[in-house]
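Chemist: Protein chains in written order, with the working numbering: chain A, 1 to 512; chain B, 1 to 497; chain C, 1 to 176; chain D, 1 to 156.
Calculated directly from the structure, the hints in this document are not laboratory data.
Cβ atoms here follow ideal geometry from the backbone N, Cα and C, with glycine treated the same way.
Careful, some of the hints might be misleading.
Restricting the straight-line Cα-Cα distance to at most 30 Å, the calculated cross-link-like pairs of lysine-lysine (BS3-like) are [what the hints assert, rightly or not]: (1) A:K32 <-> D:K66; (2) D:K146 <-> A:K32; (3) B:K61 <-> B:K168; (4) A:K447 <-> B:K363; (5) C:K80 <-> C:K38; (6) B:K109 <-> A:K465.
Computed Cβ-Cβ distance ranges for the label pairs, DEER-style [claimed, not checked]: (7) A:H107 <-> C:A20: 19 to 25 Å; (8) A:Q276 <-> C:R69: 18 to 24 Å; (9) A:D373 <-> B:V26: 26 to 32 Å; (10) A:T271 <-> C:N55: 32 to 38 Å; (11) A:F421 <-> B:P230: 24 to 30 Å; (12) B:S47 <-> A:I50: 42 to 48 Å; (13) A:A366 <-> C:R175: 28 to 34 Å.
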Amino acid sequence: MLSFVEHLPVLVVVISLLSAITIFITGWINKKTAWYISTATLLSQFISSIFILHHVMTVGPIRYRLGGWVPPWGIEYVMDALNAYVLVILLFLGLVCVIYSKRNIDHELPDKGVSFYTVYQLLITGLCGITVTGDIFNMYVFIEITSLSAYALIASRGKIALKASFTYLVLGSIGACFFLLGIGFLYSVTGSLNIHDLSLLLPPLYGNRVVLAAFVFFIVGLSIKMALFPLHTWLPDAHAFAPAEISAMLSGIIIEISTYAFIRVAFSVFTARFLQSLPVFDILCWLAAAAIIIGSVLAISQTNLKRMLAYSSVANMGYIVLALGLSISARKAPWGGLNPSMMHILNHALMKGCLFLVAGAFIYKADLWEIRDFRGLGRRMPYTCAAFVIAALSMIGIPPSVGFVSKLYIILASIEAKKFFFVPVLLLSSLLNLIYFWRVIETMYMKRVEGKDSAHTSHELHLQKEEIPLGMLAPIWVLASLCVIMGILWLANIPIPLLNQINSTFGLGGIR
Amino acid sequence: MMEIPETLKPLFALGCPALAAILILVFGRRPNLREGVTLLASLSQFSIILSMASRVVSGVKIQSYLFPIVPGISFGFRVDAFGLLFALTASSLWILVSIYSIGYMRALKEHAQTRFYFCFALAILGAVGVALSGNLVTMYIFYEILTISTYPLVAHEQSQEAIFAGRKYLAYLLTSGVFLLAAIVFTYATAQTTDFNPGGILSLTSSSRSTLITLFILFILGFMKAAYMPFHSWLPAAMVAPTPVSALLHAVAVVKAGVFGIVRTVAYIYGIDLMRELGLGILLASFAGVTMIVASLFAIAQDNLKRRLAYSTISQLSYIVFGVALLSPMGITGAILHIPFHGFMKITLFLCAGSILVASGKKNISEMGGIGHSMPITMLAFTVGALGMCGLPPACGFVSKWFLGLGTVEADSLLFLAVLLISSLLDVVYFFPIVYIAFFGDRERGTLNLSEGRMMKEAPLSMVIPLSITALFSIIFSFPNPITSMLFDLVRLAISH
Amino acid sequence: MRGLRLITLILIILLCGLFAYVAEDIPVFGDPDAPAIKSVELFTMKGAEGVSLLNRQIVPGPLSGELVRRGFPRPSRVEKAAGREGEWNGFIKKEEPRYAAEEKYYRIEREGDDLRVSRYAFVVRWMEKGLEETAVPNMVTYGLADYRGYDTLGETTVIFTAGVSVILLLRRRSRL
Amino acid sequence: MKEEQGERDVIIETVARVMIPFIQLFALYVIIHGAGGPGGGFQGGVVFASGFILYIIAFNLAGGRKRFPESANTILSSVGLYIYAGIGLLAILFSFGAAQYLNYGFIPFTSHFEENRALGMDFVEMGIGITVMAIIASIFFDLAEKDEKQKEGEDG
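Input sequences plus hints: build the corresponding full structure.
Modeler: Shown next, in the form of structure tokens:
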């Protein structure tokens with residue numbers, strides 16, 4: 001007899017799918033139902049994901065055999081600490097974005113609400129599917145669902161977004177193909193698709209050329225998906241021209257889920273022992289360092305806020321990948337193994353989610369895209385801008401925000417790994433972050449609105465507040481306040497046991 | 001008043017400005033309530049910190065650690081004599097400056113006053129946090145809060161110049177924050193802890209000589225808030241801020257936080273012995289000595305009163321660094337004493353500058369002829385501050401300079417003694433003319449209010465009273481009394497490990 | 001556009017080269033006489049002391065220990081395979097109560113003194129047990145819709161997603 | 001409008017009229033027969049949709065829309081997935097949580113466990129068939145509509 005919680009991993013995916021098709025039908029009858037169904041679904045999914053996390057932490061991993069077939073014969077869902085954690089993050093941001101989208105979508109895509117929410121829910125389905133699955137081909141299927149719906153959502157604003165989406169489609173498809181090739185190669189030598197099973201079958205074959213080629217295919221394919229530096233070219237346009245909540249999801253979740261898939265492949269299909277025998281992770285570190293610097297420099301050169309944030313995402317993926325690259329050599333408990341990268345996955349989701357939602361709010365209220373047009377916004381939209389400042393300070397890495405914590409832990413990890421080169425890189429990047437975020441803050445708060453320079457007090461009276469509706473402000477502030485609260489929680493080491501459990505799953509970290 | 005458990009006192013001391021910041025935002029539309037909150041918070045913070053003093057004087061270190069951040073580092077506070085001294089200085093001056101700024105901001109009808117008070121409270125949070133922190137990481141957190149929260153104050157005027165100054169301010173201070181973070185992380189990597197420990201936590205056994213020297217340079221770069229040359233130019237630029245900000249933050253809280261950090265590093269991270277062994281004392285002292293003299297020379301050239309005071313600050317801060325760098329007990333005594341003394345004296349000078357600005361709209365020294373006749377109290381206070389700066393009795397600057405001089409003798413360095421004397425002489429050179437012009441200068445030009453064109457008089461009472469109090473204290477400190485003896489006790493405790 | 005074509009060409013050539021390099025190590029490619037992949041070799045045990053035990057349908061201790069050490073399920077008994085001499089099938093207990101209590105899992109071959117232990121690929125299991133377990137004669141259908149039914153649900157969703165995406169992007173004047 | 005009527009081709013129309021019922025019947029056969037021989041939901045669904053496509057090519061878009069209205073299209077495309085996902089959920093429901101998702105054996109179509117699996121698979125194939133049919137038709141309609149609109153735009 002399975003307990004109810006053990007059914008939840010599959011239900012999280014199926015409920016989402018069912019809600020997508022329900023939205024499709026009920027939306028035909030009444031357009032307004034779409035948002036309510038979507039929100040209710042995501043809320044229930046989020047709650048169940050918390051139950052799953054609780055179960056995984058207290059009882060242990062959940063193994064669920066779909067169709068009742070024993071693993072190598074059928075498909076298996078495995079929930080361990082890693083994907084339970086990622087699932088919670090993903091559903092949380094999904095929920096926040098869908099709450100935000102109620103007003104925003106009415107404004108941006110006025111007569112396409114139903115299909116938007118259908119595809120959005122399908123996107124969530126795909127993301128959940130990637131996260132919970134324990135079967136690598138199943139993961140591929142869900143990557144396809146995710147990518148397809150992401151292409152559609154990015155393109156949904158039409159015009160220039162179509163081109164951005166097309167670039168993403170081409171590159172994303174190449175990435176998915178590489179992933180599939182990798183799966184094919186592994187299948188050709190092992191005859192198995194189950195992740196746990198593969199990890200048992202592969203060790204005798206580690207020298208095999210097919211296995212090495214498969215690994216390279218996985219890395220390249222997923223690097224495209226997660227926009228690692230030389231392969232990031234699709235990202236800026238896609239992030240810039242998508243609707244705000246989709247930008248937030250793209251930057252905060254979709255590329256992170258690809259990173260999750262990467263971690264899964266690297267540490268669950270292959271093992272830490274295999275990775276140690278290859279210089280792959282060292283190369284990743286260097287690529288990530290390049291991503292951090294070049295992403296930040298390119299961000300500085302942008303004049304469009306959303307493009308700037310997009311390049312900042314490239315840099316932040318660099319952080320995550322750098323932390324990942326250090327994971328097999330840094331072992332000390334709080335910053336050992338996957339801890340810093342896991343941390344930054346959550347932190348980046350919070351910060352960048354908030355920033356993109358704020359950027360969307362500017363577009364919603366006044367169609368402002370360019371940074372130089374933000375003069376006086378600090379007075380016109382005080383709450384929105386304050387949230388922006390918090391998230392931006394967090395990106396710069398001012399304590400006690402989340403950005404500081406991940407920076408600190410990655411630096412500690414690189415010292416632990418004796419790779420001192422990355423310390424100045426990280427420090428430099430926080431200065432670069434300062435440059436491009438401060439420019440925005442300065443324009444919003446300090447620069448006077450033209451023609452009103454003369455008197456101090458006059459422009460206070462002239463500019464009345466034009467705050468965005470509460471339905472959009474609340475999600476922004478939830479994320480902004482979490483940027484600080486989560487930072488304090490990280491500093492207090494409260495979620496560290498969870499991360500340590502992730503590490504122990506893969507035999508990393510451990511010294512306490 | 002309810003008795004607060006001792007270990008929670010540091011938290012409450014920091015809670016006051018934090019709570020005040022929130023309430024200020026809430027009461028943003030009601031000025032009286034908003035400023036009442038500021039005053040109340042400053043008073044209660046000071047009383048809490050003062051209540052810790054008696055315990056600290058008796059030799060107890062109040063510790064409260066909240067949670068471990070990484071093994072060996074906890075987020076928490078440890079109040080020792082040195083930290084308490086700085087906290088006392090900052091919080092006592094906060095009371096006076098908040099009274100003063102109410103008068104100043106209202107008189108000038110400044111915009112965005114809510115933001116001003118909000119950031120001010122946060123800056124005090126940062127400064128007191130730096131003072132009470134138990135280790136480098138905690139200190140770093142508050143140090144950065146201090147940097148960020150003072151930015152809106154520097155750029156308060158929102159003119160092109162102010163924005164540029166703000167940019168410069170951030171560029172310098174956040175860059176230095178990065179160096180500081182690097183230094184802290186490497187310290188942690190070598191010593192496995194960053195707790196302040198009298199006698200130091202680093203040693204030659206744990207790492208090589210060159211590493212320690214490099215690390216020390218990182219630390220010094222990290223404490224760029226101390227405004228030593230050649231990284232000083234943010235401080236004069238930051239003088240575009242409203243005067244209360246310049247007074248409290250750029251003469252006391254921010255820059256002293258930098259100096260405080262250097263002293264902490266020298267005495268509590270490296271330790272005197274290790275410093276001497278590495279020969280870093282000489283290095284630091286020569287650095288500070290150069291800054292003392294060059295900054296004074298710069299100061300002579302300034303006509304803008306606030307800028308001249310800013311260069312004077314740069315010079316005086318280096319006295320403190322200099323005293324510590326002598327690595328002798330007397331030198332360190334002088335240095336530590338100079339922190340509160342210089343605070344009180346310099347704040348007097350700045351408050352006077354602000355009063356002059358409010359009363360007459362004048363910023364430049366050359367326009368201040370005869371101002372002493374229409375603003376006698378202000379200029380008298382200014383004279384006291386100036387005397388102290390030059391190290392002349394009866395102001396308390398004399399006391400700290402006396403100890404510094406003894407320190408140079410103790411360190412057997414006549415060269416350093418000469419530097420100290422030359423610098424004091426230069427202080428006289430740039431302060432004396434101000435006093436002279438104020439009392440004996442051209443009265444016709446000086447006594448008109450530039451902005452309103454009528455005869456000027458003293459600034460509002462809420463401004464005159466604080467500056468008189470600080471001037472009074474500057475004198476009181478140089479005579480034996482309970483307050484001074486408590487200060488000396490604290491200093492003795494701080495150096496006796 | 002031309003640049004893109006050139007890049008594509010280079011990519012294809014590179015991929016072909018890689019495949020040629022790799023192909024030798026793929027079992028079916030490497031040995032033209034080999035049958036389609038049926039089992040995966042796990043390890044070879046030197047000096048198999050318990051071969052006589054294998055004859056008596058008992059799993060020798062060292063073999064069982066080695067399997068468990070590598071993370072595989074513990075075999076319950078072995079049985080002579082239908083093939084040539086020196087081949088056994090290892091069985092494991094099934095946790096699923098529906099069908100027979102045991103199922104064929106390992107394939108053990110004797111090579112001189114050594115024992116080569118392999119595991120059956122899931123295709124073998126599908127071929128041998130599919131009809132019995134699902135009462136459907138078409139292997140493609142039961143593979144697709146039952147053993148890996150969840151993948152197929154995913155594929156259907158992909159098609160659905162494509163359709164809705166087209167609606168989202170192209171359809172005007174619609175209620176959706 | 002006249003021009004369009006001029007394009008009509010009697011042969012194609014007649015052939016289409018005869019063929020379409022047979023194509024769709026064959027599609028149903030492919031779906032149903034999936035369990036026993038070559039075939040299945042995907043193939044059957046596409047073949048079925050090709051009937052509609054032929055209709056549009058032979059006659060016109062408006063007529064095709066009349067035969068297969070948007071509402072039916074919308075509902076059918078979801079219904080197929082409902083069937084698939086629902087069958088999976090039924091397995092959990094009928095076994096009161098003992099069986100896993102998509103474990104068709106526990107749905108009591110018959111008393112025999114393996115028969116249940118086979119029947120479950122048949123339903124699933126039907127679900128796939130319906131969805132694929134509706135979606136292919138929908139995509140084709142959308143593309144054709146776009147094309148037609150562009151033509152109108154060029155004319156006007």
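Chemist: Broken hints, numbered, in rising order?
Modeler: Those not satisfied are hints 3, 7.
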